[in-house]
Amino acid sequence: MSEQHTAPHRRGGTVWALVITSVAGFMAALDNLVVTTALPSIRKDLGGALGDLEWTVSAYTLTFAVLLMFGAALGDRFGRRRMFLVGLTVFTGASAAAAMATGIDSLIAARAVQGVGAAIMMPLTLTLLTAAVPAARRGMAYGIWGAVNGLAVASGPLIGGSLTEHVSWHWIFWLNVPLGIAVLPLARLRLNESYGTGAPLDIPGTLLASGGLFGIVYGLVRGPADGWTSSLVLTGLFAGTALLTAFILYSLRAKNPMLPMRLFRSRAFSGINAASLLMFLGMFGSIFLLSQFMQGVLGYSPTEAGLRMLPWTGMPMLVAPIAGTLSDRIGGRPVVATGLFLQALGLGWMATVVTPGVSYATQLPALIVSGIGMGLFFAPASNLVMSSVRPKEQGIASGANNALREVGGALGIAIMSSIFSSQGGYATAQTFVDGLQPALVTGSAVVAAAAVATLLIPRSTAHTKTPTPSTEAAELETV
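Numbers given in the working numbering equal positions in the sequence shown, counted from 1, plus 44.
No wet-lab data here; the hints were simulated from the structure. Don't be surprised by glycine CBs; every beta carbon is placed ideally from N, CA and C. Keep in mind that the hints are not guaranteed to be accurate.
[To be verified] Okay, the calculated beta carbon distance ranges per label pair:
{"id": "1", "residue 1": "Ala286", "residue 2": "Glu237", "range": "47 to 55 Å"}
{"id": "2", "residue 1": "Leu408", "residue 2": "Asp149", "range": "42 to 50 Å"}
{"id": "3", "residue 1": "Leu233", "residue 2": "Ala180", "range": "47 to 55 Å"}
{"id": "4", "residue 1": "Arg232", "residue 2": "Pro400", "range": "51 to 59 Å"}
{"id": "5", "residue 1": "Ala226", "residue 2": "Gly469", "range": "31 to 39 Å"}
{"id": "6", "residue 1": "Ala269", "residue 2": "Pro400", "range": "20 to 28 Å"}
{"id": "7", "residue 1": "Thr396", "residue 2": "Pro244", "range": "38 to 46 Å"}
{"id": "8", "residue 1": "Gly343", "residue 2": "Ala269", "range": "37 to 45 Å"}
{"id": "9", "residue 1": "Leu233", "residue 2": "Thr285", "range": "25 to 33 Å"}
{"id": "10", "residue 1": "Ser314", "residue 2": "Phe282", "range": "36 to 44 Å"}
{"id": "11", "residue 1": "Ala489", "residue 2": "Ser275", "range": "27 to 35 Å"}
{"id": "12", "residue 1": "Ser275", "residue 2": "Ile374", "range": "19 to 27 Å"}
{"id": "13", "residue 1": "Thr396", "residue 2": "Arg232", "range": "48 to 56 Å"}
{"id": "14", "residue 1": "Glu237", "residue 2": "Thr396", "range": "50 to 58 Å"}
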């Protein structure tokens, strides 16, 4: 089995690949937070305790984060297009099952299966796009892909709230079904098949990594609700850490590991993955709390709150394609670092202006700065991830980066919710602000740390290039 089986790049094929992978990525990313604003309506229809409702969010997050690297490995072994079609089929079917759920347990089960489909589909979107786009135009392609995915993550509460408010909560899941049905035949006809190394699946590594991620993500998701000292949370965190440590030790000695540890000897690979984890930590936690601030303190409806956050959450649609083009010309490193510093500035600015009666005009500059920063991050970051490894390893690199982003998002919500609870609460508008301000300061500091991590990336990997044996060696060299 050869390393890559792809036809020569064609402009039409590039456009179709971009459309197909962007729509699929949008579907998977959207379902991270789309349920949050629909929870009261779901509880009214299906019943269930607060813990059950939280699992409608957590079941998806857990299976998605835990199986991302395994999904990428399946694509490398059995064909990326083939497994992309499998993942998209599973995701679309599970979305229909969630829409038709008649009880809270069946909804949670459908959400878990959705996460399985997304974990197979999502890392392969970036690999398939990379295979279809000439190296010279990848920055622009990553820009559009990143803009669509960033918008999906950030607009999840708006879309979920609008559909729930004006139609029905069922439609937050029905929305995926026509999209999936439309994309499936297009993907079969328009995407080229490609493979990774053809090595056998790493079953021990898969079990260790999946078990470790499950324990840690479970502990992070349940910590704020169950308490950080509860037995299940502590067991999840400690067992997850032990399993991930065992995974690292195993991968150092394995012949064909799922995630070769030597990749982390590359400053480019290590730096951009550290930056991605920290960026999502600060961004997810901030969006989670600010959307509640706009609704619970300022009195906006879910739709109104989502619209007012568009200068932040919608900005990637405008900025990310420009950022992708810039990364082609000057390299991804300075663009990503600038974006992260702007995101940190925006969050810090927001922390200084939030009050129980703050006007929207006062918030707007901070939202715009944060939005520009987010838009500058997504496309060049994807470019740096994919250019930091050999072509045959791009699938697992994409899976690892997506897994770290998901873990970062779960960690951000958990950490910033804990800071919020320790310094404030939901009792009054003022106590909410008392908790929100230190949480936003923390988010700003974390994103600033992500910018510093980006600056550690060598300049030699800043530009996307067609890999050759000599450039591959340079990219993987320990600096």
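How the hints compare with the structure:
1. Ala286 <-> Glu237: 47 to 55 Å: 38 Å, violated
2. Leu408 <-> Asp149: 42 to 50 Å: 43 Å, holds
3. Leu233 <-> Ala180: 47 to 55 Å: 26 Å, violated
4. Arg232 <-> Pro400: 51 to 59 Å: 54 Å, holds
5. Ala226 <-> Gly469: 31 to 39 Å: 45 Å, violated
6. Ala269 <-> Pro400: 20 to 28 Å: Holds - the Cβ-Cβ distance for Ala269 and Pro400, about 26 Å, lies within 20 to 28 Å.
7. Thr396 <-> Pro244: 38 to 46 Å: For Thr396 and Pro244 the Cβ distance comes to about 55 Å; the hint is violated.
8. Gly343 <-> Ala269: 37 to 45 Å: 26 Å, violated
9. Leu233 <-> Thr285: 25 to 33 Å: At 45 Å between Cβs, range violated.
10. Ser314 <-> Phe282: 36 to 44 Å: 25 Å, violated
11. Ala489 <-> Ser275: 27 to 35 Å: At 31 Å between Cβs, range holds.
12. Ser275 <-> Ile374: 19 to 27 Å: 52 Å, violated
13. Thr396 <-> Arg232: 48 to 56 Å: For Arg232 against Thr396, whose Cβ atoms are near 52 Å apart, the range 48 to 56 Å holds.
14. Glu237 <-> Thr396: 50 to 58 Å: Cβ of Glu237 to Cβ of Thr396: about 52 Å, so the range 50 to 58 Å holds.
Violated hints, listed in ascending order, are 1, 3, 5, 7, 8, 9, 10 and 12; each of the other numbered hints is respected by the structure.
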